[in-house]
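Asks: Each chain, written out:
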Amino acid sequence: MNSHLLSIIVAAPAIAALIVMFISERDGANSRLAIRLVSLVGAAISFAGSLVAIRTYDKALGGLQRVEDYPLIPSFGVHVKLALDGWGGPLLVLTGVILFAGVLASWTVKTRDREFFALLLVLTAGVFGVFVSQDLLVFFLFYEIAVLPMYVLIGIWGSSHKVPARGPFKFVWNIFDIGGKQYAAMKLTLMLLVGSAAIMAAIFVLFLKAGGTTFDMGVLANTKYDRQTQIIVFPLVWLGFGTLAGVFPFHTWSPDGHASAPTAVSMLHAGVLMKLGAFGVMRVGMVILPEGARYWVPVVGAVAAINVLYGAFCAMNQTDLKYIIAYSSVSHMGVVMLGAATLTTTGWNGAVFQMVAHGIMTGLFFALVGLVYERAHTRAILKMGGFANVMPGVAAFFTLGCLSSLGLPGTAGFVSEFMVFLAAWKSQHYFWAIPGVLGAFITAIYVLRATRSIFWGPGPSHDFHDLSDAKKTEWGAIVILGSCLVILGFWPRLILDYIDPGSVEYLGKVLAPVSALARLP
Amino acid sequence: MTRPVMYALVALWTPAIAALALAALVPLRKKGWPAAAVAIFSSLVSLGSAIALFMDRLHDEVPQQLVAPWIHAGSTVVAEVGVRVDGISASMLVVVTLVATCVQVFSVGYMHDEPPAAYGRYFTLHALFLFSMNTLVIAPNILQLFAGWELVGVTSYLLIGFYFKKPSAARAAVKAFWVTKFADMGLLFGLLVLFAATGNFGWDAKLSHGVATAVTLLFFLAVVGKSAQFPLHVWLPDAMEGPTPVSALLHAATMVAAGVFLVVRTNPLFAQAPATRMVMLGLGAATALFAALLALVQTDIKKTLAYSTCSQLGYMVAALGAGSMLGGFFHLTTHAFFKALLFLAAGSAIHAVHSNEITDMGGLAKKMPITASAFIVGSLALAGVPGLSGFFSKDLVLEAVEGQLSNVPYAALMLTAFLTAFYMGKVVFVAFFGKPSNEKAAHAHESGLSMSGPLMVLMVPTVVAGYFGATFAHVQGEHYHFHFGTGPAVASSLGLAGIVLAYFVYGRGPRTEQPAAVALVDRIAKTRLVNRVYEYGFHNVTLVVASGLAFVDRYVVDGLINLLGYGAIEAGRKARPIQSGFAPDYVLAVVLGVVGLAVWAVFGSWR
Numbered sequence: 038m039n040s041h042l043l044s045i046i047v048a049a050p051a052i053a054a055l056i057v058m059f060i061s062e063r064d065g066a067n068s069r070l071a072i073r074l075v076s077l078v079g080a081a082i083s084f085a086g087s088l089v090a091i092r093t094y095d096k097a098l099g100g101l102q103r104v105e106d107y108p109l110i111p112s113f114g115v116h117v118k119l120a121l122d123g124w125g126g127p128l129l130v131l132t133g134v135i136l137f138a139g140v141l142a143s144w145t146v147k148t149r150d151r152e153f154f155a156l157l158l159v160l161t162a163g164v165f166g167v168f169v170s171q172d173l174l175v176f177f178l179f180y181e182i183a184v185l186p187m188y189v190l191i192g193i194w195g196s197s198h199k200v201p202a203r204g205p206f207k208f209v210w211n212i213f214d215i216g217g218k219q220y221a222a223m224k225l226t227l228m229l230l231v232g233s234a235a236i237m238a239a240i241f242v243l244f245l246k247a248g249g250t251t252f253d254m255g256v257l258a259n260t261k262y263d264r265q266t267q268i269i270v271f272p273l274v275w276l277g278f279g280t281l282a283g284v285f286p287f288h289t290w291s292p293d294g295h296a297s298a299p300t301a302v303s304m305l306h307a308g309v310l311m312k313l314g315a316f317g318v319m320r321v322g323m324v325i326l327p328e329g330a331r332y333w334v335p336v337v338g339a340v341a342a343i344n345v346l347y348g349a350f351c352a353m354n355q356t357d358l359k360y361i362i363a364y365s366s367v368s369h370m371g372v373v374m375l376g377a378a379t380l381t382t383t384g385w386n387g388a389v390f391q392m393v394a395h396g397i398m399t400g401l402f403f404a405l406v407g408l409v410y411e412r413a414h415t416r417a418i419l420k421m422g423g424f425a426n427v428m429p430g431v432a433a434f435f436t437l438g439c440l441s442s443l444g445l446p447g448t449a450g451f452v453s454e455f456m457v458f459l460a461a462w463k464s465q466h467y468f469w470a471i472p473g474v475l476g477a478f479i480t481a482i483y484v485l486r487a488t489r490s491i492f493w494g495p496g497p498s499h500d501f502h503d504l505s506d507a508k509k510t511e512w513g514a515i516v517i518l519g520s521c522l523v524i525l526g527f528w529p530r531l532i533l534d535y536i537d538p539g540s541v542e543y544l545g546k547v548l549a550p551v552s553a554l555a556r557l558p
Numbered sequence: 009m010t011r012p013v014m015y016a017l018v019a020l021w022t023p024a025i026a027a028l029a030l031a032a033l034v035p036l037r038k039k040g041w042p043a044a045a046v047a048i049f050s051s052l053v054s055l056g057s058a059i060a061l062f063m064d065r066l067h068d069e070v071p072q073q074l075v076a077p078w079i080h081a082g083s084t085v086v087a088e089v090g091v092r093v094d095g096i097s098a099s100m101l102v103v104v105t106l107v108a109t110c111v112q113v114f115s116v117g118y119m120h121d122e123p124p125a126a127y128g129r130y131f132t133l134h135a136l137f138l139f140s141m142n143t144l145v146i147a148p149n150i151l152q153l154f155a156g157w158e159l160v161g162v163t164s165y166l167l168i169g170f171y172f173k174k175p176s177a178a179r180a181a182v183k184a185f186w187v188t189k190f191a192d193m194g195l196l197f198g199l200l201v202l203f204a205a206t207g208n209f210g211w212d213a214k215l216s217h218g219v220a221t222a223v224t225l226l227f228f229l230a231v232v233g234k235s236a237q238f239p240l241h242v243w244l245p246d247a248m249e250g251p252t253p254v255s256a257l258l259h260a261a262t263m264v265a266a267g268v269f270l271v272v273r274t275n276p277l278f279a280q281a282p283a284t285r286m287v288m289l290g291l292g293a294a295t296a297l298f299a300a301l302l303a304l305v306q307t308d309i310k311k312t313l314a315y316s317t318c319s320q321l322g323y324m325v326a327a328l329g330a331g332s333m334l335g336g337f338f339h340l341t342t343h344a345f346f347k348a349l350l351f352l353a354a355g356s357a358i359h360a361v362h363s364n365e366i367t368d369m370g371g372l373a374k375k376m377p378i379t380a381s382a383f384i385v386g387s388l389a390l391a392g393v394p395g396l397s398g399f400f401s402k403d404l405v406l407e408a409v410e411g412q413l414s415n416v417p418y419a420a421l422m423l424t425a426f427l428t429a430f431y432m433g434k435v436v437f438v439a440f441f442g443k444p445s446n447e448k449a450a451h452a453h454e455s456g457l458s459m460s461g462p463l464m465v466l467m468v469p470t471v472v473a474g475y476f477g478a479t480f481a482h483v484q485g486e487h488y489h490f491h492f493g494t495g496p497a498v499a500s501s502l503g504l505a506g507i508v509l510a511y512f513v514y515g516r517g518p519r520t521e522q523p524a525a526v527a528l529v530d531r532i533a534k535t536r537l538v539n540r541v542y543e544y545g546f547h548n549v550t551l552v553v554a555s556g557l558a559f560v561d562r563y564v565v566d567g568l569i570n571l572l573g574y575g576a577i578e579a580g581r582k583a584r585p586i587q588s589g590f591a592p593d594y595v596l597a598v599v600l601g602v603v604g605l606a607v608w609a610v611f612g613s614w615r
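These protein sequence lines are chains Y and L, in that order.
Under my numbering, the first residue of the first sequence is numbered 38, with each subsequent residue one higher.
Under my numbering, the first residue of the second sequence is numbered 9, with each subsequent residue one higher.
Chain Y on its own, in the form it takes in the complex:
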């Protein structure tokens, strides 16, 4: 069994989804419980499996381990090749923990819960698949499996709000219900699909130029593509995957999408799915197209720096709690891309660490926001106030999330941000590091303002009736995620020791000298 561990991790949520679909809804409370328990077991198997996978990964050896290879379309050389590299372990654990916490956080979903849990599990199976796929086409298939259920999840279970018609493009309000959940779902899906189209084109170019016999990412990474191809294809991969990573200016699906999505979906989407984007840029774009990467990193890094600062400023002006968190994701994903753009081991370690740190942190945030929203029935922070009096636990964990968000030492956020800024400064990209650090300061302004506005002060006012602290399963999600933030903050090597061999190996490929074209303009 052990040799099929990765398949089990990927398949468990999918199988659980299948079982969930066959549970009869007629039994009322019993079937509701059954749906949740099956989902939780599926999530737990993957979570436990990912912990086993990381514990048994030989970090001294590095490279691909636990390779599983099943032919899918042999005539095109498509294989379902799963293997664990250094990055895979931490990212699998991240996905596992967010899924587990997400199932706990969705315990109280009311409408069509069977379909909700099934879609959630299918989506996560796709995420697991991406992190362990070593075949580019299968990688892409899993990527699409992860992205598409979002349309339904937001469109059906989401929430809507009003955005006033203003600005130079006022007339689009005539045909779009901007701020509505269908609008958010549609925009998110369409923008990501345009990105997918770019990735698809890039994949075929890579496949054909490499001889058209295999999609194996290891083989493709060792193929020497000519410089012209690399320079043309890299932006397709960067912006294609980058759209999901919230790269400016293609991030605008994120605030609306995350604000409209139900709790668990926001958790998974901001916590894990956005990482797929950054992971794709690094794993496909930079590793397979090293020359293209080296040519384009000045742009990638500059855009990432814009992301950090721009996202932070935009977050500061929001009064809707979910928008604040969503924009902070845009800002924090900029840190990931910034680390990636440094093309240094420290920077790449920081980037992958930030994927995990931000995933946990934002998962925690959305879980808490869901809790608050469910009780207060509003997300307008200016209407809130004094909530710490009635929900002290939620307030404490929200503060913890804020502190990680602003990069407090002792939380995971600091470790990754510091590594990234250090790498940027060390490689003399001062104009990447300075906006980065400033962004962290702006973050301190807006998260503490939000905390004060929601939780501190007298109150809560009489408009709120049934406010209460988290209960039973809800504690599960936030305690797990909160402790992870602190544990990783104090002892980052728990995952850094695995990330590091991955970064060293992949970066070796990116920085390997290439014939006569080593010096780039």
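Simulated from the structure, these hints should not be mistaken for laboratory data.
Where hints are given, some of them may not hold.
As the list claims (entries may be wrong) - Here are the simulated lysine-lysine pairs, DSS-like style, with alpha carbons at most 30 Å apart:
hint	chain 1	residue 1	chain 2	residue 2
1	L	K174	Y	K508
2	L	K38	Y	K509
3	Y	K420	Y	K508
4	L	K534	L	K173
5	L	K374	L	K311
6	Y	K509	L	K173
7	Y	K509	Y	K147
8	L	K448	L	K375
9	L	K39	Y	K509
10	L	K443	L	K375
11	L	K443	L	K534
12	Y	K207	Y	K420
13	Y	K261	Y	K246
14	L	K174	L	K39
15	Y	K546	Y	K246
16	Y	K147	Y	K508
17	L	K311	L	K448
18	Y	K147	Y	K420
19	Y	K420	L	K173
20	L	K443	L	K374
21	Y	K546	Y	K96
22	L	K174	L	K311
23	Y	K420	L	K174
24	L	K582	Y	K199
25	L	K174	L	K38
26	Y	K420	Y	K509
27	L	K311	L	K375
28	Y	K463	L	K214
29	L	K38	Y	K508
30	L	K534	L	K174
31	Y	K508	L	K173
32	L	K582	Y	K207
33	Y	K546	Y	K463
34	Y	K199	Y	K147
35	Y	K508	L	K39
Predicted, not measured: the structure shown is a model, and the values here were computed from it.
Assemble chain L onto chain Y, guided by the hints.
Replies: What follows is chain L alone, placed relative to chain Y:
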């Protein structure tokens, strides 16, 4: 692992375990008193190991450290964590743990009326603070010091905001965090520059002149924030919204002194940057004088002490700027004792009369003898009266500053010494002598043993710490020998003159009007000029930029995306009439197509 390292680890981890236990064991914390017991026990253990460590340093001067790799990249260790045992860390550890223990014991009585859950939260935060401060103090490198630095900032934020229901406390907490966090960017950038130049975060690197100046100036920005120097002092007076014992521990004795400690710790770097030291000397002396003037016009006893803290930190910064590491560090130590004593005594008085205003007190000396004597002893030490600890350390500062920068800082500090004695005299005469100003003051009575005990304990070092100057210097590997020259004579005469003047102005019955000079300062202070500059900047720059960018994002960047969608839909709508559903239209299209093909067949073959 050697014994001193073991002591250091015990001192570091005991409060951490206490904090963790109290955070995790919710019922224990919510019960209140067990939290106090756990926190105080951990502080006592920490204090015991700190003393053992200090004793060990008396006869062993070789620094020891134990580190573990914390962040690595490939085979390179980027950052380490651990403990470092030497004279500086051992001395500071004793100061921190001693004051922390006294303050926690004091809090048992002071916070007695809080609900159990809040009481538990309070002591949990205290344990967390002690762990954070110890992390900072025994850090083996500047990165860990930075980690502790940020953590004490957060505990400060949480403790200032302890009464989070009060909007003013909530505002003060956030303001303190923002101001210090802004300054902390200096430390972070300094670390980046240092790492780029040396590849590690140690403080004993030889740097080029430019790098040394850049790094130390950046560090100094963080010091200005943390140690509340002009113009970033604005958060400290507001921080008095926190419970008084918190003000004593964090905002007088230890946390605000972290800035000074940073300079002491990284002295080898600052020694390479004379330009930075000049800036420090100037700014330190200016802050000392400026804050003393503001202290003069406060009527809130805690705010007087807060400005006094700014002022005394200015002394320390000036001493370090003048190159006297010992002077700065010694004054830090004595100040920690007497200022903690002053704050706790003030807390005891506030607890009795339920007001911070000195005008609501009066005549407390008769009702609360221990509190009053503690406050008076503390005030005399602060005023630099000969024989008390403050006299010796202040003298060391003045000696270092003498002759520097044409004696301007020296004169400023001398004047400050006079003002210090005057404003402390004012507080003592108004609050503790004369007639009680109201019913509450008339019926005030001495606080219980939990509160008066720590006062008596802290009175001891306040009086005698000065005589241990030589021991203190020996542990740092320096030499100190006191001699009563003209400097100490002038300074202490000025101090005494200040007290006498305060007696003539405030000591003879209630006054209705301020002396003209004080009234002038009061009018200037009431403009809150520095605060208003920041408020203006925040509202008119930061928030405007934020709302501008948010508008651009929502209506321009996202607007363009919407425009694309709109364009696609409109294009579809425009193209739709072509599919009209009428047969003649399709026949027409077929005919046109045939004609087109025929034309192409005939003329297209020219090529």
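Asks: Determine for every hint whether it applies to the structure shown.
Replies: Status of each hint after checking the structure:
Proposed proximity of K174 (chain L) and K508 (chain Y) is supported: the alpha carbons are some 27 Å apart, at most 30 Å. Simply put, K38 (chain L) and K509 (chain Y) have alpha-carbon atoms about 18 Å apart, close enough for the 30 Å limit, and the pair holds. For the suggested pair K420 (chain Y) and K508 (chain Y), the alpha carbons sit about 24 Å apart, so the restraint of at most 30 Å is met. At roughly 27 Å between alpha-carbon atoms, K534 (chain L) and K173 (chain L) fall within 30 Å of each other, so this suggested pair holds.
Taken as a hint, the K374 (chain L) and K311 (chain L) pair is honoured in the structure, with Cα atoms around 24 Å apart against an allowance of 30 Å. For the hint linking K509 (chain Y) to K173 (chain L), the alpha-carbon distance of about 27 Å falls within 30 Å, and the restraint holds. Proposed proximity of K509 (chain Y) and K147 (chain Y) is supported: the alpha carbons are some 17 Å apart, at most 30 Å. Taking the CA atoms of K448 (chain L) and K375 (chain L), the gap is about 11 Å. The hint holds against a cut of 30 Å.
Among the hinted pairs, K39 (chain L) with K509 (chain Y) is consistent with the structure: their alpha-carbon atoms are about 21 Å apart, no more than 30 Å. Using a Cα cut-off of 30 Å, the hinted pair K443 (chain L) and K375 (chain L) holds, with the two alpha carbons roughly 11 Å apart. Taking the CA atoms of K443 (chain L) and K534 (chain L), the gap is about 28 Å. The hint holds against a cut of 30 Å. Restraint check for K207 (chain Y) and K420 (chain Y): satisfied, since their Cα atoms lie roughly 28 Å apart, inside the 30 Å limit.
Between K261 (chain Y) and K246 (chain Y), the direct Cα distance comes to roughly 9 Å. Compliance with the 30 Å bound is thereby established for this hinted pair. About 23 Å separates the Cα atoms of K174 (chain L) and K39 (chain L), which keeps this hinted pair within 30 Å; it holds. The straight-line distance between the Cα atoms of K546 (chain Y) and K246 (chain Y) is roughly 18 Å, inside the 30 Å bound, and the hint therefore holds. Straight-line distance between C-alpha atoms of K147 (chain Y) and K508 (chain Y) comes to about 17 Å, which keeps the hinted pair within the 30 Å bound.
With a C-alpha separation of about 21 Å, the suggested pairing of K311 (chain L) with K448 (chain L) holds against the 30 Å cut-off. Under the criterion of a C-alpha separation no larger than 30 Å, the hint pairing K147 (chain Y) with K420 (chain Y) is consistent with the structure, at around 26 Å. Restraint check for K420 (chain Y) and K173 (chain L): the C-alpha separation of about 16 Å stays at or below 30 Å, so the hint holds. Using a Cα cut-off of 30 Å, the hinted pair K443 (chain L) and K374 (chain L) holds, with the two alpha carbons roughly 10 Å apart.
Between K546 (chain Y) and K96 (chain Y) the alpha-carbon distance is near 19 Å, which keeps this suggested pair within the 30 Å criterion. The straight-line distance between the Cα atoms of K174 (chain L) and K311 (chain L) is roughly 18 Å, inside the 30 Å bound, and the hint therefore holds. Annotation: proposed proximity of K420 (chain Y) to K174 (chain L) holds, straight-line Cα distance about 17 Å (limit 30 Å). Between the alpha carbons of K582 (chain L) and K199 (chain Y) the distance comes to roughly 29 Å, so the proposed pair stays at or under 30 Å and holds.
Using a Cα cut-off of 30 Å, the hinted pair K174 (chain L) and K38 (chain L) holds, with the two alpha carbons roughly 21 Å apart. Under the criterion of a C-alpha separation no larger than 30 Å, the hint pairing K420 (chain Y) with K509 (chain Y) is consistent with the structure, at around 27 Å. A C-alpha spacing of about 23 Å is found between K311 (chain L) and K375 (chain L), which places the hinted pair at or below 30 Å, so the restraint holds. Note on K463 (chain Y) and K214 (chain L): the hinted pairing holds, with a Cα-Cα distance of about 18 Å set against a maximum of 30 Å.
Restraint check: the Cα-Cα separation between K38 (chain L) and K508 (chain Y) comes to about 17 Å, which is no more than 30 Å; the hinted pair holds. For a cut-off of 30 Å, the pair hint linking K534 (chain L) to K174 (chain L) stands: about 23 Å separates their Cα positions. Taking the CA atoms of K508 (chain Y) and K173 (chain L), the gap is near 24 Å; set against the 30 Å cutoff, the hint holds. Distance restraint check for K582 (chain L) and K207 (chain Y): the Cα-Cα separation of roughly 20 Å lies within the 30 Å cut-off, and the hinted pair is therefore satisfied.
Restraint check for K546 (chain Y) and K463 (chain Y): satisfied, since their Cα atoms lie roughly 21 Å apart, inside the 30 Å limit. For the hint linking K199 (chain Y) to K147 (chain Y), the alpha-carbon distance of about 24 Å falls within 30 Å, and the restraint holds. Distance check on the hinted pair: K508 (chain Y) and K39 (chain L) sit about 20 Å apart at the alpha-carbon level, within 30 Å; holds.
When held up to the earlier numbered hints, the structure conflicts with none and fits them all.
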